[in-house]
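Sequences listed follow chains A, B and C, in order. Under our numbering, the first residue of the first sequence carries the number 1, and numbering increases by one thereafter. Under our numbering, the first residue of the second sequence carries the number 274, and numbering increases by one thereafter. Under our numbering, the first residue of the third sequence carries the number 547, and numbering increases by one thereafter.
No lab work stands behind these hints: they were computed from the structure.
Simulated pairs of lysine to aspartate or glutamate, EDC-like, Cα-Cα distance not exceeding 20 Å:
1. B/435 / B/379
2. C/613 / A/49
3. B/340 / C/596
Computed from a predicted model, the values in this text were never measured in an experiment.
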Amino acid sequence: MLGKYIENVRKNAPLVHNITNYVTVNDVANALLACGGSPIMSDEPDDVEDITSICGGLNINIGTLNKSSIIGMFRAGRKANELGHILLLDPVGAGASALRTDTAVELMDELKFTAIRGNISEIKTLALGSGTTKGVDADVADAVTEDTLDSAVTFAKELAGKTGSIIAITGAIDLVADAESCFVIRNGRPEMGRITGTGCQLSAVMTAFLVANPDSPLEAAAAAVCTMGLAGEIGWSRMQEGEGNSTYRNRIIDAIYNMDGETLDQGAKYEIR
Amino acid sequence: MLGKYIENVRKNAPLVHNITNYVTVNDVANALLACGGSPIMSDEPDDVEDITSICGGLNINIGTLNKSSIIGMFRAGRKANELGHILLLDPVGAGASALRTDTAVELMDELKFTAIRGNISEIKTLALGSGTTKGVDADVADAVTEDTLDSAVTFAKELAGKTGSIIAITGAIDLVADAESCFVIRNGRPEMGRITGTGCQLSAVMTAFLVANPDSPLEAAAAAVCTMGLAGEIGWSRMQEGEGNSTYRNRIIDAIYNMDGETLDQGAKYEIR
Amino acid sequence: MLGKYIENVRKNAPLVHNITNYVTVNDVANALLACGGSPIMSDEPDDVEDITSICGGLNINIGTLNKSSIIGMFRAGRKANELGHILLLDPVGAGASALRTDTAVELMDELKFTAIRGNISEIKTLALGSGTTKGVDADVADAVTEDTLDSAVTFAKELAGKTGSIIAITGAIDLVADAESCFVIRNGRPEMGRITGTGCQLSAVMTAFLVANPDSPLEAAAAAVCTMGLAGEIGWSRMQEGEGNSTYRNRIIDAIYNMDGETLDQGAKYEIR
Numbered sequence: 001m002l003g004k005y006i007e008n009v010r011k012n013a014p015l016v017h018n019i020t021n022y023v024t025v026n027d028v029a030n031a032l033l034a035c036g037g038s039p040i041m042s043d044e045p046d047d048v049e050d051i052t053s054i055c056g057g058l059n060i061n062i063g064t065l066n067k068s069s070i071i072g073m074f075r076a077g078r079k080a081n082e083l084g085h086i087l088l089l090d091p092v093g094a095g096a097s098a099l100r101t102d103t104a105v106e107l108m109d110e111l112k113f114t115a116i117r118g119n120i121s122e123i124k125t126l127a128l129g130s131g132t133t134k135g136v137d138a139d140v141a142d143a144v145t146e147d148t149l150d151s152a153v154t155f156a157k158e159l160a161g162k163t164g165s166i167i168a169i170t171g172a173i174d175l176v177a178d179a180e181s182c183f184v185i186r187n188g189r190p191e192m193g194r195i196t197g198t199g200c201q202l203s204a205v206m207t208a209f210l211v212a213n214p215d216s217p218l219e220a221a222a223a224a225v226c227t228m229g230l231a232g233e234i235g236w237s238r239m240q241e242g243e244g245n246s247t248y249r250n251r252i253i254d255a256i257y258n259m260d261g262e263t264l265d266q267g268a269k270y271e272i273r
Numbered sequence: 274m275l276g277k278y279i280e281n282v283r284k285n286a287p288l289v290h291n292i293t294n295y296v297t298v299n300d301v302a303n304a305l306l307a308c309g310g311s312p313i314m315s316d317e318p319d320d321v322e323d324i325t326s327i328c329g330g331l332n333i334n335i336g337t338l339n340k341s342s343i344i345g346m347f348r349a350g351r352k353a354n355e356l357g358h359i360l361l362l363d364p365v366g367a368g369a370s371a372l373r374t375d376t377a378v379e380l381m382d383e384l385k386f387t388a389i390r391g392n393i394s395e396i397k398t399l400a401l402g403s404g405t406t407k408g409v410d411a412d413v414a415d416a417v418t419e420d421t422l423d424s425a426v427t428f429a430k431e432l433a434g435k436t437g438s439i440i441a442i443t444g445a446i447d448l449v450a451d452a453e454s455c456f457v458i459r460n461g462r463p464e465m466g467r468i469t470g471t472g473c474q475l476s477a478v479m480t481a482f483l484v485a486n487p488d489s490p491l492e493a494a495a496a497a498v499c500t501m502g503l504a505g506e507i508g509w510s511r512m513q514e515g516e517g518n519s520t521y522r523n524r525i526i527d528a529i530y531n532m533d534g535e536t537l538d539q540g541a542k543y544e545i546r
Numbered sequence: 547m548l549g550k551y552i553e554n555v556r557k558n559a560p561l562v563h564n565i566t567n568y569v570t571v572n573d574v575a576n577a578l579l580a581c582g583g584s585p586i587m588s589d590e591p592d593d594v595e596d597i598t599s600i601c602g603g604l605n606i607n608i609g610t611l612n613k614s615s616i617i618g619m620f621r622a623g624r625k626a627n628e629l630g631h632i633l634l635l636d637p638v639g640a641g642a643s644a645l646r647t648d649t650a651v652e653l654m655d656e657l658k659f660t661a662i663r664g665n666i667s668e669i670k671t672l673a674l675g676s677g678t679t680k681g682v683d684a685d686v687a688d689a690v691t692e693d694t695l696d697s698a699v700t701f702a703k704e705l706a707g708k709t710g711s712i713i714a715i716t717g718a719i720d721l722v723a724d725a726e727s728c729f730v731i732r733n734g735r736p737e738m739g740r741i742t743g744t745g746c747q748l749s750a751v752m753t754a755f756l757v758a759n760p761d762s763p764l765e766a767a768a769a770a771v772c773t774m775g776l777a778g779e780i781g782w783s784r785m786q787e788g789e790g791n792s793t794y795r796n797r798i799i800d801a802i803y804n805m806d807g808e809t810l811d812q813g814a815k816y817e818i819r
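The following block holds chain A by itself, in its conformation from the complex:
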C-alpha cells in the first residue's frame, strides 16, 4: 500500500531545490506545493550550493539547459551528494541533441543519483552513453507496451543495478525499478501527453517523495508515479464539455492537492515484478 508515502510528504513538507526548465517551472512549483512539498528554484552557479544546502533534495531537469545552468547543475549536484541529499535527474531531450546527451551522461558519470526519471527514449540514450561502446546494452523497444514489457522490465532493472539509481521510465505503462524489483504501473491517461510538463512535475514530486521517505526509496518513487497518474485520471473525470488541455493541467494539479493516502491506496494500479 503506497498511501503512507504521500502522507509522509504532507507531514514532512520537504524543501526541494529545482534546477529546471523555464517552460514548465511554474507548474513544477505548484505541483510540489500540491503534494505537500515546498519548492525553491535557483540555477546560478554562485547561488546553487547555498540553496541546495538548506533543502532535502535536488531535482535536476535539463529541459532548457544553458552553459551557465549546466555549471550550476554540477556544482549543486556535488554539494547534494556531499550532504547525502536526495538527487534526481530528469534528462529531458537526451538523444535529441549532443549537448543534452553529453550533459546527462556526464552528470551520471560524476554524480550519484538517487533516481533518474525519463521516457524510454531518454533512458535508452543514457544507457547507451554518448559513445557507442559505452553503457549497458539497451536491447529494448521504443515504447513500453504489453508486448515489450518483459524486456523493458529487464532493461530497467539492469540499468538500476549498473547505476545504483532507481530508474523510472514513464509512458503508457510506467516502470520504477531498482536492481531487484520493478513496479509496473498502469495509472494515467493518454491525454496527459497533450499537456506540457506532467513529466517535469512528476520528477519534482518524486524528489519530494524520496526526501520524505528515506527508508523506502523504491516504494516512494513508485508512489509518486501512481500519484501523478491517478491525479491524471481524477482530473480527467472532472472535465466539463468544452474544456481542453489548459484546464486539464489545472485539474491534475488540483487532484494532487486533494490526494490523500486512502485515495492513493484505492486508486494505485501496479504490480511488482
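Put chains B and C on the given structure of chain A with help from the hints.
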C-alpha cells in the same frame, strides 16, 4: 474555406522549435499542443542547431532576448534556412529598445523568414529599419481600423513583397498578406489584450500551421490567425460570472484544443483584398 | 478608504518594467493586467535602460537572479532613479544564500527604493545587512502574530525611517509602513501560501499602484496589499469541491480582474498604527 489547414496540423503533428520569451512560454507550449503540434524549447547556442534539425519549423520570439539567446537565434535561424524549414519571427518590443529593434532588423537582414507576425507598431519599426534611410516607407497609421484599412493593406503587401515573407499584423483587425493578397480578419475579442501571451501563442501556432501546409503558406497563416481569434470568441462565450483574465487564458487554449475544421470554417470571418 | 487607489490604476494603466524570476513571471504579468496595469519584462543589461525609460515603474525581484540579470538590476535601477520612477525591491530568498543577501543589500545601498516588499525573514535579513555590525537592530520575531505585532510595527517603521522606503512585510498579518505610520492589514487566506507566486504578483501590483498614485505612496502600497488579500478571500469563496491550488491561482487573478473601488472599500480590513 480554412478548416482543412487545422485538420492538416492535427494529421501531421508538426514539431516546432521555439526560441521564445520566458513570460509566456508555458502557454505557447500548451497552445501548440492544443492545435495538434508539438513544442520543443531551446535557446542555448550550442544546443539549437541539433534541436531545430529534428523539427519542421522554428519560431523566433525576441520577448526576453539576451546576449546568449540572440546568438542562439542566429545559429538556429541559419540552420533552419539551410534545411529549408519554416521560419517565423515575432519581433516583440521592436521599437521599444535599440537592442530589440536592431536584433529584429539584423535577423531579417541575415535570414529568410517564411512569416513575420507582430502588432502594427512592431511591424512598422521593422519596415523602417534601424536607420532612418533604410526600409520601405511606413506611411501607415498606428492602429489598423476601418478608416486606415486601405493604407494598412497596401503597407502589408508592400512589406511582404520587399521581404519575401508573409506579413501578419494583428490587432483589432488582423491582416495577413503576401505581395499579392491580403486576408483581412475580424475574429477575436478586445479582452484578449488583457491576457499576456495571446500574440506569442499565435506565432507558435502559425509556425505549426505553416509546417503542416507547405503548399499554401498564406492561407495557412490566415487560418492560424482565425483559429486564435475564434478561440478567443469561443472562450469568451464560456466565461462565467466572477471569472477574469486568468480563467479566460485557459478557456482560449481549451477552445484551440477543441477546434476542428468545421468549427473554423463556420466561425472564420475574413475577406481577401 | 482605499478603493480610489485601484480606480487610479485602472484609469492610468501604468506600464511596469519587471526584472523578475522565471518561476512566477506569467502570473505576475497576468496579475498586472488584471489590476489595470501593463507589464514589460526585460533583464538583459543592454536592454533594460531603454525599457525602463518608457515605463512608470520598475519591479526588481531577485527570485532566480543570475550574474547577467544582477547587472541588469543595477543598470535598470540607476536609470529608474535618475528618471524619478517608482522603484520596488522584492528580495526573494534574502537570507537563504549569500548571493541573494549580498545582492539585495547592495541594491539597497546603491539605489533609492520607493518600496521594499518581502516576508519577515527576508526583511529582517535586509535590516541586519550582510555584515553583523551593519543595519538596524532587527529585534523582531520570525513571524508577525498578534503577540509580536507591537515590536513588528516598530521594526517596520524604524526600517522605513532608516531606508526612506515604504516597508511592506507580508504574512498572516501584513504590515505596510513608512517612518510615521503603519497599516496593519488582516486580509488574505492561509491557503495562498500553497500557491507559488502570490508575493511576486503583489510586488508587481504594488508597483503599479505606486505609479498610479504618486501623491499617496503609503496608502497606495497598503491598497495593493488589501487588493491581493481580498482577491485571495474572494477567490477562495468561489472554490468548488475537488479544486485545489492550481485553480485557486486562477481564481485569485480573476478576482483582481473584477476588483473595483467599492469592493475594495468594503472588503479591506486594516487599522493604522
